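Chemist: Please put together the full structure from these sequences, using the hints given.
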Amino acid sequence: MTHGEVAGPPLFRIPVHPIRSNPSKIRRPAARTAPQQHPDQPVPATSVAIETVIALLAREGYARAEPAILQPADVFLDLSGEDIRRRIFMTQDADGRDWCLRPEYTIPVALDHIASRSTEPAAYAYAGPVFRMRSGEPGEFAQAGLESFGREDFAAADAEIMALTIEAAAALGLEAPRILMGDVALLNALLERLAVPQGARRRLMRAVVQGKGAEAVAALDPPSAEGETAHAGLLKALEGQDPGAAKAFVEDVLAIAGISTVGGRTARDIAERFLARAGERENPVNGEVKALLGKVLAVSGDPDTASAALRGLAGEASLDLAAELDAFDERTGFLAARGVAVETIAFSAAFARNLDYYTGFIFELHDGARSDGKPVAGGGRYDNVLGRLGAARPIAAVGASLWLERLTEQA
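Per the working numbering, the sequence shown starts with residue 4, numbered consecutively.
No wet-lab data here; the hints were simulated from the structure.
Misleading hints may appear alongside valid ones.
[To be verified] Here are the simulated SDA-like pairs of lysine to any residue, each with C-alpha atoms no more than 25 Å apart in a straight line:
| id | residue 1 | residue 2 |
| --- | --- | --- |
| 1 | K293 | E195 |
| 2 | K293 | D224 |
| 3 | K298 | L183 |
| 4 | K298 | L324 |
| 5 | K377 | A48 |
| 6 | K293 | A325 |
| 7 | K215 | L328 |
| 8 | K293 | G315 |
| 9 | K377 | P141 |
| 10 | K298 | A326 |
| 11 | K377 | G142 |
| 12 | K377 | E170 |
| 13 | K377 | R137 |
| 14 | K377 | I53 |
| 15 | K293 | S303 |
| 16 | K298 | T362 |
| 17 | K377 | T49 |
| 18 | K293 | A320 |
| 19 | K298 | E333 |
| 20 | K298 | S321 |
| 21 | K298 | G315 |
| 22 | K215 | A192 |
| 23 | K298 | D332 |
| 24 | K377 | A179 |
| 25 | K215 | G297 |
| 26 | K215 | V199 |
| 27 | K215 | A311 |
| 28 | K298 | Q201 |
| 29 | K377 | Q213 |
| 30 | K215 | S351 |
| 31 | K377 | L183 |
| 32 | K293 | G304 |
| 33 | K377 | V302 |
| 34 | K215 | T308 |
| 35 | K377 | E140 |
| 36 | K293 | E319 |
| 37 | K215 | G376 |
| 38 | K215 | P200 |
Computed from a predicted structure; not experimentally measured.
Modeler: Right, dumping it as structure tokens:
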């Protein structure tokens, strides 16, 4: 699974053309011939780590997936967060199609699973090189991880992924990681119950991902009039209009201007954005909603403490979040049953990860000996991704990845 870091420079294009080949198939674990090693030459730490993690996950029923290194670029540009989109190594074939070196494993493993046409739940493990531009660090580095597709027992699957990630990190020497946890589904449910407009939701979530915590509520306000100068006339014309007529009006304006797409968005997409912005100007988020969201985003502590605080806030605001909080508590129970010390988990309602596709539970593992603050592992639930990749039916998904160099380098 991909996990965000600081954004880097623009896309880098490799000035070569790839050779087309059939996509690799997901394979079951099989005996592997180790590369020949000189007797006096030490085995690289990452190679040992790869075998350790794959063996651990194989014992838990996770089949090894080995997707191709060369991948179609469009899916990563559409689904990955900005931090990864800007660091992809890209090239183009003779037909003009964009390809990239695999920047992560989750999407390639998901594509191979979809291609297999399997209708059964599946569990995959992976380990190997991924490629991203990184300031001051090599563009190629090793990741390992696990993905679970198609399970309907969401809480148990979430707990299994986190527990196995913790176990894998321990097998590589990190016995007591600092564990951060959040829940995107819980925050989205709250925004839905409060009828927060889509544009304001996007700005809020973007601010949360940027680490602004409770201060992210300031992002609920639409941009100032000064910032809207270029579109002020159009927005004014849309205010109070019937949604269907307003959308058609914007599409007509764009058509007259000869604009069909902007930044990958269609005229209809752009029209919907303008309409949403006009609606926000008419009905801004009120102070009571902002105050409640500020209190919710300030909730932190171990999962049990956080759950009690969130139930209290929901009760005070007469909001029904029982289903989401029951699922939250059920997951905590499964984590405890798998031996995770839940009292050591640091939950924060304002914790989010730098990728666009998470839909529920999210987590990171950190090594207290590291001074850079970067996670050594992380993951979460991403139930919408396989559908967006072309799956014929919705497929629940949860997974995690580990940065092997960070786990094996000397402190």
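Chemist: Each hint should be assessed against the structure and marked as holding or not.
Modeler: Hints, one by one, checked against the model:
Distance restraint check for K293 and E195: the Cα-Cα separation of roughly 14 Å lies within the 25 Å cut-off, and the hinted pair is therefore satisfied. Distance hint between K293 and D224 is fulfilled; the C-alpha atoms sit about 10 Å from each other, no more than 25 Å. For the suggested pair K298 and L183, the alpha carbons sit about 19 Å apart, so the restraint of at most 25 Å is met. The suggested pairing of K298 with L324 holds, with an alpha-carbon distance near 15 Å, which does not exceed 25 Å.
Using a Cα cut-off of 25 Å, the hinted pair K377 and A48 holds, with the two alpha carbons roughly 20 Å apart. Among the hinted pairs, K293 with A325 is consistent with the structure: their alpha-carbon atoms are about 21 Å apart, no more than 25 Å. Simply put, K215 and L328 have alpha-carbon atoms about 24 Å apart, close enough for the 25 Å limit, and the pair holds. Distance check on the hinted pair: K293 and G315 sit about 17 Å apart at the alpha-carbon level, within 25 Å; holds.
Between K377 and P141 the alpha-carbon distance is near 16 Å, which keeps this suggested pair within the 25 Å criterion. Taking the CA atoms of K298 and A326, the gap is about 20 Å. The hint holds against a cut of 25 Å. A hinted pair counts as satisfied when its Cα atoms are at most 25 Å apart, and K377 with G142 qualifies at roughly 17 Å. At roughly 19 Å between alpha-carbon atoms, K377 and E170 fall within 25 Å of each other, so this suggested pair holds.
In summary, the hint linking K377 to R137 is supported, as the alpha carbons are separated by about 13 Å, within the 25 Å threshold. For the hint linking K377 to I53, the alpha-carbon distance of about 20 Å falls within 25 Å, and the restraint holds. Annotation: proposed proximity of K293 to S303 holds, straight-line Cα distance about 18 Å (limit 25 Å). A hinted pair counts as satisfied when its Cα atoms are at most 25 Å apart, and K298 with T362 qualifies at roughly 22 Å.
Straight-line distance between C-alpha atoms of K377 and T49 comes to about 18 Å, which keeps the hinted pair within the 25 Å bound. A distance of roughly 12 Å separates the Cα atoms of K293 and A320; the hinted pair therefore holds under the 25 Å criterion. Using a Cα cut-off of 25 Å, the hinted pair K298 and E333 holds, with the two alpha carbons roughly 24 Å apart. Restraint check for K298 and S321: satisfied, since their Cα atoms lie roughly 15 Å apart, inside the 25 Å limit.
For the hint linking K298 to G315, the alpha-carbon distance of about 11 Å falls within 25 Å, and the restraint holds. The hinted pair formed by K215 and A192 meets the criterion: a straight-line CA distance of about 20 Å does not exceed 25 Å. Our distance criterion of 25 Å between C-alpha atoms is met by K298 and D332, whose separation comes to about 20 Å. Using a Cα cut-off of 25 Å, the hinted pair K377 and A179 holds, with the two alpha carbons roughly 16 Å apart.
Distance restraint check for K215 and G297: the Cα-Cα separation of roughly 11 Å lies within the 25 Å cut-off, and the hinted pair is therefore satisfied. With a C-alpha separation of about 19 Å, the suggested pairing of K215 with V199 holds against the 25 Å cut-off. A C-alpha spacing of about 23 Å is found between K215 and A311, which places the hinted pair at or below 25 Å, so the restraint holds. For the hint linking K298 to Q201, the alpha-carbon distance of about 21 Å falls within 25 Å, and the restraint holds.
Between K377 and Q213 the CA atoms are separated by roughly 14 Å; this keeps the pair inside 25 Å, and the hint holds. Simply put, K215 and S351 have alpha-carbon atoms about 12 Å apart, close enough for the 25 Å limit, and the pair holds. A hinted pair counts as satisfied when its Cα atoms are at most 25 Å apart, and K377 with L183 qualifies at roughly 12 Å. Taken as a hint, the K293 and G304 pair is honoured in the structure, with Cα atoms around 22 Å apart against an allowance of 25 Å.
Between the alpha carbons of K377 and V302 the distance comes to roughly 23 Å, so the proposed pair stays at or under 25 Å and holds. Using a Cα cut-off of 25 Å, the hinted pair K215 and T308 holds, with the two alpha carbons roughly 22 Å apart. With a CA separation close to 13 Å, the supplied pair K377 and E140 stays within the 25 Å bound. Proposed proximity of K293 and E319 is supported: the alpha carbons are some 15 Å apart, at most 25 Å.
Proposed proximity of K215 and G376 is supported: the alpha carbons are some 16 Å apart, at most 25 Å. Taken as a hint, the K215 and P200 pair is honoured in the structure, with Cα atoms around 20 Å apart against an allowance of 25 Å.
Checked against the numbered hints given earlier, this structure breaks none of them.
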